[in-house]
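What follows is the residue order along each chain.
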Amino acid sequence: MSVTPSELLAVQGSRVLRDDTTVFAGVGVPLLAAALAQQRHAPKLTMVIEGGIIGPRIKPGRLPISTNEMRAGHRAQMLPGITETFLFAQRGFLDYGFMGGAQIDRYGNVNTSVLGTDYWKPKVRLPGTGGANDIASLCREVIILTAHEKRRFVPRVDFVTSPAWLDGGDARRRAGLAFGGVSRVVTTLGVFDFEPTTRAMRLQALHPGVTREQVRENTGFPLLEASDVRVTEPPSADELALLRALDPERRFLG
Amino acid sequence: MAVEVGDPALRAAEWDFVAARRRLEDKPKSAGEKLTSLDDAASRVADGDRIAVGGCLFSRTPLALVREILRVRRRGLTLVRNLMCTEGELMMVAGAVERVMTAWMSIGLPWGVSKVMRHYVESGAVALEEWSHLALGLRFRAAAMGVPFVPALTMLGSDLMAVGGMKTITDPYSGEMLAAVPALFPDVALLHVHRADRFGNCQIDGYPHMDTDIARAAATVLVTTEELITDDETRRHPDRTVIPGFLVDALVHVPFGSFPHECYGLYEADFDHFGTYTASIDARGPEAAVGEYLTRYVYGPPSWDDYLELFGGERLARQRALAKELTA
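Protein chains in written order, with the working numbering: chain X, 1 to 254; chain Y, 1001 to 1328.
Next comes chain Y alone, as it looks inside the complex (with noise of 0.2 Å):
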């Protein structure tokens, strides 16, 4: 096929490393109090900005975060996630977003593609642009990294390239052709954590997915985490701090903080709940459905802990059961 490649304005600021580090240079880097509130951390989420979700899929999703931006109702946005789950179904139904990166979304196999991927994603209302796996891991990688790329052997030959505008370049030293991965400098990264201090120093157990390659790219960085240490538990554990506190701007305290997705060895993502959901869009279409889910979860309860009850006690007190055993 022959792709055209998108608007290339869009795309250098993707990758401009000098624009990236001079942001840097002029943020501050404290090593002071982080801990504030869902709405002053999604505070710092603009119109048109360009966020990485971290976890995968239906893992460590910072959905409490993901929630509280949509409702303030930010526009334009371009979000960009390895593979794409529920988050991404909201935000395209809200309206909040204009264009996903993403290497694959849907919720999983026993769910079939998603709808609302198809429905805005054929219709052009959204552009959906494809990496790999890796190559967008890569991305993040040479962010964090500080470069303008990385040199690797994937996403060549295929249509994939031209999707993202991917180059090549010619090793000086064999000759051989290489994949020039460009940097994703996000402008902010949104994180669910399984620990932190009041700093932002922040601990991760299980899957590292790709967060601290985003923490280390991206110019904001916002964080929920399951469980508030001190300052004397970080210092006794320094080699668990995956994400330093100056890296992170601000941290909010959200235990279940990702459900109904799952958090490793704390609970269990709720399959049933997303089965009602994906039967609701089969049932009534993607914007009828999806649209009063978002007012029944999002827009209606006022805070996550409101939010949380919808579930029930009995519900989650299940699923940390489940997690339990499946990591014992």
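Extracted from the complex, chain X is given alone in its bound form (with noise of 0.2 Å):
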């Protein structure tokens, strides 16, 4: 069986996490990355659902399909409430936060609001940010995980839901968010990083088969590029044999 998009995104988004570290993982793919991660290689890793959950066992077959039901808090150390978890996140316990979006700029900045002109009549009404302001405020380190499309990949947000570098440069510490950021963008076609200076997205590396063209064909702005740009690992049947088992119904692997 061929590698799906979402395969690939929990497989490559599994490798960021480390051992003996906290991750806020939303439903779906990031449960999925960090599950992975847990019975891979970072066993020590305590996964923290924004429902209010903290250290679930996710049941294989029985993921779960909000934040807030039974199913993701599955034999759960900790129900501590909501605004008790995100406050975790904003005393610096949380290390690793995932994102996704229906839009992303240069700097990565995430729009899950409303795409359009006028807030208050918009032309698409997007669910929200839920808790991803929140993880993208609080977390030392936000990864986001998204299908690389030019739709997308664009300029600039319509409505900044989630920051990340918001301007660039040093607009994010300006805003009185001193701490966390993008770290990375993980995507169906590679993975980039944001230049320390301008902040502006880097690509870092190419997942096997993917060019240079495909990238820019696909991306609404100037990416920059990182000296040695490499090829990823891509996923080892270990690690898909890991993940598949853990949602055999296919609901969120595609």
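The hints are all genuine.
Looking from chain X toward chain Y, a few residues come up when the C-beta cut is under 8 Å (computed):
hint, residue
1, G81
2, R172
3, L177
Okay, the calculated beta carbon distance ranges per label pair:
hint, chain 1, residue 1, chain 2, residue 2, range
4, X, R62, Y, D1239, 26 to 34 Å
5, Y, A1019, X, M78, 35 to 43 Å
6, Y, T1170, X, R230, 40 to 48 Å
7, X, H41, Y, E1309, 50 to 58 Å
8, Y, T1295, X, M78, 39 to 47 Å
9, X, P222, Y, E1287, 41 to 49 Å
10, X, M78, Y, E1309, 35 to 43 Å
11, Y, E1176, X, T21, 20 to 28 Å
12, Y, T1295, X, D170, 53 to 61 Å
13, Y, T1170, X, T198, 27 to 35 Å
14, Y, V1113, X, G209, 30 to 38 Å
15, Y, P1301, X, T21, 47 to 55 Å
16, Y, T1170, X, R156, 27 to 35 Å
17, X, A147, Y, S1280, 23 to 31 Å
Read the hints as simulated data drawn from the structure, not as lab findings.
Note that the Cβ used here is the ideal one computed from N, Cα and C, for glycine as well.
Assembly of the complex is requested from the two constituent chains, each provided in isolation within its own frame, with the hints serving as guidance.
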């Protein structure tokens, strides 16, 4: 069986997570990435789910649909309440957060609120931030997992729901966001980081078989390139087997 | 995006801690009987009220109270809930709400973006004021503390600040800029809990969500409970009481009071029901499909028991078994 885009993102996302850390895992691919990391190379990783759940054991085949329901809290170690959960992040206890979004710009800002120019009468109303804005503001490091499409990778998001580097440079710090920020964007085409001075998105690595031209064609803004653009290790048989066992119904793996 | 800030006159009442405090001082805080009927509880809600709804998304939603408020055709409400689900959709289609304050609205990933929300918000019929999950939680927390705002490190630099008109404050100690998250004092709180005695002392299992802050923040607190316990049971486990009786104005005993949403450990949400509901919206559009749904599930059946009959005992038993298995 070939690797689906969701499987690629889950595997690449899981590899970012180090052992002895904590991660805010949303439902779907981020949760699978965290669960895979925990089973493979990071057994001392604690998953935190924004609905108010610490240390769940996800039941294969009964993956949660929302961050606030019984499936998400299966065999959890603590159910602290929603405000308390985010306050763990504000205090600095959350190392990683995952995000996705309808629009992402060259400074890593994400829009999950509205498309169009009038907030109160939008062209398209999206579901909203949920906890994404808080994760973007409060985690030590944020990783965006997303399909790489030109309509998503826009020069400037219509609405900044979740701030990364705002207008680049030291704009994040000047806005009062003293910590964190998006460190990496993992897409279906490659892996990106942000150049430390300008904070503009930079190509770091391509997935096997992907060309720089393909990346450029699917990105709505000029990308910086690292001096040594690498090729990522494809998902191993071991990683795929563990991942597929978590979602046998392929509810989130596609 | 340059976002216009909403009506400032409306906002002042949200965080006016002096007025909110006076309102509580003038209110009876009785240790007496709170047990009443759903229609009596719903009669405490007035047109134009700002209502905070407990639980989160499809977890521990006070649906029996929401249904009763819809049955008496309240209008002009502001609905506040961190993650809004079908209760928000029903309120929109019934014409009960003019404003919702939330961090996220839809049912969940498998059912896509809420078409009801899109229909009413994109046309401008309902204003959706978006706050981050934590910021909205801190709005309830500030109100629960009786203060006009709390400092925080979230929502800064984003366009959400202008939507809700959130301001910043300079830390008098370090000189750092912080978010000043304004309090939100609701007129009414609607809550569903696992257990309560007839004096309104409440116990919650599983996810606390934000219910205890909401109960302290609101001027009037209406509660439904799965189980009615005795005064003696409360006193045997006082550590389990999370909302004291003197906060509660009305209590109604309503088993399956969240259904088809979930109640932790007691019943799982009915995902098949969500599927049928959204399929009907996909086929016939939000107004026609949810209009019929309102007739069948809200305006039609006179009592909550009649409503539950529409789902049938077999379905309720199945959802109970699923919940047991997940929390075993």
